[in-house]
Amino acid sequence: MTTNLPPSASSQDASKPLWRATLMRPETMTLVLLVAAIIVGSLLSRFFDSLSFILESATYYSEFSIVALVLTLVIISGEIDLSPAAMMALSACLFGSAFQAGVPIGLAMVISIVSGVVMGAFNGFMVLWLRLPSLMVTIGTLTMYRGLAQILAGDRSISKFPTWFVGVDYRELYGVPIPVLIFIFASIVLAVVLGTTILGRQIYQIGTSEVAARYAGIKVRRIKFMLFVSMGVVSAICGLIATSRLASVRYDLASGGELQMVLIVMLGGTYIFGGRGTILGTFIASWLLVIIATGMTVADIPVTYQLTVMGLLLIVSIISTNLIYSRNQA
Amino acid sequence: MSASTQSIGGQSAADRAILLSARGITKQFAGVEVLRDVDLDLYAGEIHALLGENGAGKSTFAKIVAGVHRPSRGVLLLNNARIEVLSPLAAQKLGITLIHQEPISFPDLSISENLALGRDDGKPLGRVRWAELKREANSLMAQLGIMIDVTRPMRGLSIADQQMVEIARALASESKLIIMDEPTAPLTPKEVETLFGISRQLRNEGRSIVFISHRLEEVRALCDRVTIFRDGNKIATEETKNLTDAEIIRLMIGREVKGYIPKHKTTVGEVALAVEGLTLPGRFENISFEIRKGEIVGLGGLVGAGRTDVARAIFGVAPAASGTIAVNGQVVEIREPADAVAQGLAFVPEDRAVAGIFRTLPVSQNITAAVPEMIAPKGFIRHGLERTIALDSVKKMMIRLVSPRQPIGELSGGNQQKAILARWLLTDPKILILDEPTRGVDIGVKAEFYEMIGALAASGRAILLISSELPELLALSDRVLVMSEGQLTGDFARGDATEESVMHAAVPRRKVVGDAQAAA
Numbered sequence: 001m002t003t004n005l006p007p008s009a010s011s012q013d014a015s016k017p018l019w020r021a022t023l024m025r026p027e028t029m030t031l032v033l034l035v036a037a038i039i040v041g042s043l044l045s046r047f048f049d050s051l052s053f054i055l056e057s058a059t060y061y062s063e064f065s066i067v068a069l070v071l072t073l074v075i076i077s078g079e080i081d082l083s084p085a086a087m088m089a090l091s092a093c094l095f096g097s098a099f100q101a102g103v104p105i106g107l108a109m110v111i112s113i114v115s116g117v118v119m120g121a122f123n124g125f126m127v128l129w130l131r132l133p134s135l136m137v138t139i140g141t142l143t144m145y146r147g148l149a150q151i152l153a154g155d156r157s158i159s160k161f162p163t164w165f166v167g168v169d170y171r172e173l174y175g176v177p178i179p180v181l182i183f184i185f186a187s188i189v190l191a192v193v194l195g196t197t198i199l200g201r202q203i204y205q206i207g208t209s210e211v212a213a214r215y216a217g218i219k220v221r222r223i224k225f226m227l228f229v230s231m232g233v234v235s236a237i238c239g240l241i242a243t244s245r246l247a248s249v250r251y252d253l254a255s256g257g258e259l260q261m262v263l264i265v266m267l268g269g270t271y272i273f274g275g276r277g278t279i280l281g282t283f284i285a286s287w288l289l290v291i292i293a294t295g296m297t298v299a300d301i302p303v304t305y306q307l308t309v310m311g312l313l314l315i316v317s318i319i320s321t322n323l324i325y326s327r328n329q330a
Numbered sequence: 331m332s333a334s335t336q337s338i339g340g341q342s343a344a345d346r347a348i349l350l351s352a353r354g355i356t357k358q359f360a361g362v363e364v365l366r367d368v369d370l371d372l373y374a375g376e377i378h379a380l381l382g383e384n385g386a387g388k389s390t391f392a393k394i395v396a397g398v399h400r401p402s403r404g405v406l407l408l409n410n411a412r413i414e415v416l417s418p419l420a421a422q423k424l425g426i427t428l429i430h431q432e433p434i435s436f437p438d439l440s441i442s443e444n445l446a447l448g449r450d451d452g453k454p455l456g457r458v459r460w461a462e463l464k465r466e467a468n469s470l471m472a473q474l475g476i477m478i479d480v481t482r483p484m485r486g487l488s489i490a491d492q493q494m495v496e497i498a499r500a501l502a503s504e505s506k507l508i509i510m511d512e513p514t515a516p517l518t519p520k521e522v523e524t525l526f527g528i529s530r531q532l533r534n535e536g537r538s539i540v541f542i543s544h545r546l547e548e549v550r551a552l553c554d555r556v557t558i559f560r561d562g563n564k565i566a567t568e569e570t571k572n573l574t575d576a577e578i579i580r581l582m583i584g585r586e587v588k589g590y591i592p593k594h595k596t597t598v599g600e601v602a603l604a605v606e607g608l609t610l611p612g613r614f615e616n617i618s619f620e621i622r623k624g625e626i627v628g629l630g631g632l633v634g635a636g637r638t639d640v641a642r643a644i645f646g647v648a649p650a651a652s653g654t655i656a657v658n659g660q661v662v663e664i665r666e667p668a669d670a671v672a673q674g675l676a677f678v679p680e681d682r683a684v685a686g687i688f689r690t691l692p693v694s695q696n697i698t699a700a701v702p703e704m705i706a707p708k709g710f711i712r713h714g715l716e717r718t719i720a721l722d723s724v725k726k727m728m729i730r731l732v733s734p735r736q737p738i739g740e741l742s743g744g745n746q747q748k749a750i751l752a753r754w755l756l757t758d759p760k761i762l763i764l765d766e767p768t769r770g771v772d773i774g775v776k777a778e779f780y781e782m783i784g785a786l787a788a789s790g791r792a793i794l795l796i797s798s799e800l801p802e803l804l805a806l807s808d809r810v811l812v813m814s815e816g817q818l819t820g821d822f823a824r825g826d827a828t829e830e831s832v833m834h835a836a837v838p839r840r841k842v843v844g845d846a847q848a849a850a
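Order-wise, the sequence lines are chains W and G.
Counting in our numbering, the final residue of the first sequence is number 330, and the numbers go up one at a time with none missing.
Counting in our numbering, the final residue of the second sequence is number 850, and the numbers go up one at a time with none missing.
Among these hints, one or two may not hold up.
To be verified - Derived lysine to any residue pairs resembling SDA-like cross-links, with alpha carbons at most 25 Å apart:
no., chain 1, residue 1, chain 2, residue 2
1, G, Lys708, W, Pro162
2, G, Lys760, W, Arg214
3, W, Lys219, W, Ser230
If you're looking for bench data, these hints aren't it; they were derived computationally from the structure.
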């Protein structure tokens, strides 16, 4: 005849020692993995010691990494966007087609960015005004945008861009390739926005409790809409970077990239259900991915193994993130 | 722990067979007693009403009998044999069925499939005899006088029809005891009539029915006996015909008004908030009232009367379909809470856990959530400034905490509520809507809230206070509005508002069986 009374709320000491607070941060796990990857990589191959080699290989991943930064904000706000890779492809195909049709290249670039705004706004409209789950909406639009890209460009690849446009990955500033520089710059800007501004604060609050945020007078819909549009814009920019790097564009550009982007965000310790995560985590996770992929390539480990390693890493990181969050919750 | 070895006496039921006896039923939720030592006998073949205010314990009692909750102490006896009702399914097997306020069913299954739920012939791989199920379902629904295609999915049926399906399920299960928790709320008068007819028929077959309702007329028309609950205690069990409506109401509310609520002096100014013809179909209709500066207007009524819906409409959470809201004489358009905040409104919601706090975020962030410009004058958050502001609120409101960086979820309910109120006071609101501000708050902290609410009005703010606690409502309000079933049914000046008058206005007065024709 005993009843199960819920355990009385534990009154945990709020001010934990700094070392514990640091260790309990989900990014810490990502950083540990990064350091481990660098050590293992250095042991496997001497090539690996060269910083310029790593930076060079980072250019291959910079597009997804840049998108992942904005995606981090979207996920913290409690939504998801799985369509960025498709948005990259469609905006790049628009750019290519416009250029091929004789539109000046500058204008073609503007067209591609505008298309990003439109695609992002469409996602946002479906999620925020028609109140559909973002997971479903963006699975739908990722297929649709990719399909439109295919209609537009067919099976051919569009190339013959002017030489100043192609090869952005070979241009460097202070020895750092431009795409990597953009990634670093975007990381700093977004870290400042998320960490120190009211907008960043409200993104966390929305992700923690959308209802409470609305009741507190926060313009939830406006902020989320802006995030979806930003996804479109950043995808279009990264579509252009990819086009420049590949010197051509096809409808299957960045195919399957959405999962890699989500993987980076989650590896960085961002909580998939919103409310928690950092740009720093995503930043570290991006480098982790670069190091592992490059390290395995130089160590002659076949590509077939790389997927397995990535998957394992993600699982390790999810387990640790979950553990940390549930601890903090108790 | 097994508390009661009381023998159930035959004396009280010398003439009638007792179907179910409750002895010393006590229930605690998280240490709070919501039901205390309830003894109750139900006769076979009677319709027995449970009456009481919101939170009086009647639904909890019903749920214990139906196996939804387990009692903290006390025993149940069915036909003089002790029973342990571990789950709704166990109750079902004992012949006890609960029909919920909100019908629970599987919306994607058909009516006939829903009717067959919980039936088990012990053969997991046995064939389902669809034709038979359909035939049975048809005959059940016909018994209830409902012509409906039983192969239709539940989804899309009206609440009333879903309710009827639940009732049909109870019929089909051959239950000896059927508990109906506010079954008539969604029904039309004609459906109520059908339901009553069936209930009487079931009683005549010797089954027992427990009928929970707020509507005295219905209780009078249908029930043989009534039991009245108040504050978790059983107050009385009596034959319906021996009690007048006034007596029943007095028994429901008859507690002394607690003395610690201060009466505040009022100096009311001009109209701060004027609501005109506010309507949201299905929720509330044609709501008009005014609140003046320095005035506390209480909004009373039963749960579900539409009070919270009106508050949510004014604050823009779920705006009304028609009608106007004027702030300081200016008609304003409030489409979302941000608009309301810009107009100087503040809203402390009833559902603190969902709509109030950011559970995992620090107390300081929770307090400053509505005043971004205060903590980030140039767009960047100044943490020192935020801390100062938060600590200032903590001191003023006497919020008990370890550190302002502590997640608010670790605080007690009362302290969480203080933090939410502190959040709104930072916006310097002209109009405050407080929805059940003292719910889940301990007595001591309640007194603090009463003082604060009085002081806020004294400082010239207009306050709309929604409360289900009558003593609180009456003691604090300068004027009491009462809602019932989406309509304003009462407007009492301070002197005229008594527990009786408010309760009379709050209890729905719908035409019921018998009266229906007479009144028409």
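> Looking back at the numbered hints, which does the structure fail to meet, lowest number first?
Replying inline: 1
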